[in-house]
Amino acid sequence: MDRRHFVSLLASVGGLAAAQRGLGKTLDLMAEATAPAFESEIGGAQELARYPQKTDLILLTDRPPQLETPLRYFESELTPNDAFFVRWHLSGIPTSVDLREFRLEVGGHVQKPMRLTLSELKTRFKPISLVALAQCAGNFRSLFVPQVPGGQWGSGAMGNARWTGVRLKDVLEAAGVKAGAMQVGFRGMDVPPMPATPVYQKSLDIDRARDGDVMIAYAMNDAPLPMLNGFPVRLVVPGWFSTYWVKSLSSVTVLDQPLKTFWMDKAYRIPDNPDANEDPQHLAAVTVPISTMPVHSIFVRPEPGETLRAGEKFVLKGVANDGGSGIRKVEVSTDGGGSWDEASLGSDLGKYSWRTWQASWTPPAKGTYRLTVRATAGDGQTQHTSQWNRSGYQRNVIEHVEVTVS
Amino acid sequence: MSVSYCRIFAVVVGAVTGVFALAAQSQQATKSNAGHDASNPVHAIVLPQYAPEISTGPNVDTYRKYCLVCHSAQYVAMQPRFPQAVWEREVKKMIDAYGAVIPEADQHEIVEYLVAVRGPSKSR
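The listed protein sequences derive, respectively, from chains X and C. Numbering-wise (our numbering), the first sequence opens with residue 19 and increments by one. Numbering-wise (our numbering), the second sequence opens with residue 114 and increments by one.
Think of the hints as simulated: they come from the structure by calculation, not from any bench. Note that the Cβ used here is the ideal one computed from N, Cα and C, for glycine as well. Treat the hints with care, since some could be wrong.
Derived SDA-like pairs (lysine to any residue); straight-line CA-CA distance at most 25 Å [as the list claims (entries may be wrong)]:
no.	chain 1	residue 1	chain 2	residue 2
1	C	Lys205	X	Thr215
2	C	Lys205	X	Pro298
3	C	Lys205	X	His107
4	C	Lys205	X	Val217
5	C	Lys178	X	Gly110
6	X	Lys144	C	Ser152
7	X	Lys130	X	Leu148
8	X	Lys284	C	Ser152
9	C	Lys205	X	Gln299
10	C	Lys206	X	Ala197
11	C	Lys178	X	Pro211
12	X	Lys284	C	Arg202
13	X	Lys140	C	Ser152
14	C	Lys205	X	Asp208
15	X	Lys347	X	Gly368
16	C	Lys178	X	Thr215
Simulated restraints, written as ranges between beta carbons of each label pair [said to hold, decoys possible]:
no.	chain 1	residue 1	chain 2	residue 2	range
17	C	Gly170	X	Ser147	26 to 36 Å
18	X	Asp366	C	Ser152	36 to 46 Å
19	C	Pro233	X	Ser424	30 to 40 Å
Please model the entire structure based on the sequences and the hints provided.
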């Protein structure tokens, strides 16, 4: 991917503020990158990389691997496994799994601790299947203004897949949860690089863990999980940001008190308000662990930098999601937000899936246009026009794309 | 055999060995790409190398020594330009939250490096 394309990608998902200021900054940054001392670094951050079981993805970092899905893959309702984004926290990631030795440990505050092989997991429990959007909490982080440190994701730290596995609820029932259980803790096979680096662990309150939707998944789009997406099993927490979807899951521990870990207590926290909003000059005093995805929508077509023809019909396309109430409505504006037309929605693949949308537009004349999209969720939730928080999480502002019509 | 022939021979052997090693690696990668052969209980991938070039700057060796143990240089290279206070917080976070062990004098050297390569543009 060349520099222009990368900048365009950012532009495509940029909001008004981002388009005017963030993109400006990004362009600035890119301009600076032409200075010899920085060329290799910036170039490196935009290059494509091909990892095992993966197609060419945008390389954010190689160790641990963080790979972003190019926007064009979001034209399909399900994101192909080989194009699905990759995000690991710790450099000691699993690269080899011997299924003769693999065991999923289920223990803690239970009557009958278990050590399950993959085939026991598949045969002892009833399989379920659902489509759910996995989205990194920091997706779109690069668009926050002012910019914040962290993985500089564009739009591609998400993917929509059909997950097949077993209900966590059924597995916990088989282990016999004792009275007084408060949470369930999860960890995977990845290992920290230093003795004092916190092991990656997450927890769910017991009610969420037993809601019947949270799943231990062994298949993704009807195929085994790619190693980099959590082979052989990963947690799927539909509707919640994928920080909870622990990959290469190795232990499930029922707890009679809240899990104490950096990854819940310090990381992945947002200001305690519905929009995850705070002022850079006055940071929120109270933060809470991030959880449900708010309603959001983006353009997938036109692609950034795409030139449209005056008088020729063009099909605008995109995706919209929320955290489990579904998408009621998507509206598109081609005049910078003056008037709005309802887009037609693609197939309903379930309340945890994103919803594709499309709308026809015939650009009336040459010039530049600001196209805008906003969605309304099944529960009535709508998008807002500005948002910022120190970690660059949970972006869901109304997004814009600037297009040239010739 | 003259010295120069020896050298050429060594280079050729090296190259051939390299080609075989690459072939073996790519074969392995193809195998794992073919994925999940049901009859084979061992699933493995070989991670490719995409390590970036490291930006030169003051104290680059200190940066290399402490920071790149846990993560690649892209963690810094992909960041926007930030003022010194942000880089100080980041270095402190690596120590307090992620368990990096860095003597105080070296922490200052690392901040200096980060500000030089990813500090406000006026610093350049």
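Inset, instruction - Take the C-alpha atoms of C:Lys178 and X:Pro211, compute the straight-line distance between them, and say whether it is at most 25 Å. - result: Distance ~14 Å between C:Lys178 and X:Pro211 Cα, so the pair holds.
Legend entry - Cβ distance range 30 to 40 Å for C:Pro233 and X:Ser424, holds or violated: 38 Å, holds
Inset, instruction - Decide if the proposed pair is consistent with the structure: C:Lys178 and X:Thr215, CA atoms, cutoff 25 Å inclusive. - result: 17 Å, holds
Inset, instruction - Take the C-alpha atoms of C:Lys205 and X:Val217, compute the straight-line distance between them, and say whether it is at most 25 Å. - result: OK: C:Lys205 and X:Val217 at ~19 Å, within 25 Å.
Inset, instruction - Below or equal to 25 Å on CA atoms is what counts here, so check C:Lys205 against X:Asp208. - result: 24 Å, holds
Legend entry - Satisfaction of hint between X:Gly368 and X:Lys347, Cα-Cα up to 25 Å: 15 Å, holds
Legend entry - Satisfaction of hint between C:Ser152 and X:Lys144, Cα-Cα up to 25 Å: Holds. X:Lys144 to C:Ser152 sits at ~23 Å (cutoff 25 Å).
Legend entry - Cβ distance range 26 to 36 Å for C:Gly170 and X:Ser147, holds or violated: About 51 Å separates the Cβ atoms of C:Gly170 and X:Ser147, which means 26 to 36 Å is violated.
Legend entry - Holds or violated: C:Lys205 to X:Gln299, with C-alpha atoms at most 25 Å apart: At roughly 21 Å apart (the allowed maximum being 25 Å), X:Gln299 and C:Lys205 satisfy the hint.
Legend entry - Pairwise hint evaluation, X:Ala197 against C:Lys206, where the allowed Cα distance is 25 Å at most: 38 Å, violated
Legend entry - Hinted pair C:Lys178 and X:Gly110, Cα distance within 25 Å: 18 Å, holds
Legend entry - Pair hint X:Lys284 and C:Ser152, alpha-carbon separation not exceeding 25 Å: Roughly 43 Å separates the two Cα atoms, so the pair is violated.
The structure does not agree with the numbered hints 7, 8, 10 and 17 stated previously, though it agrees with the rest.
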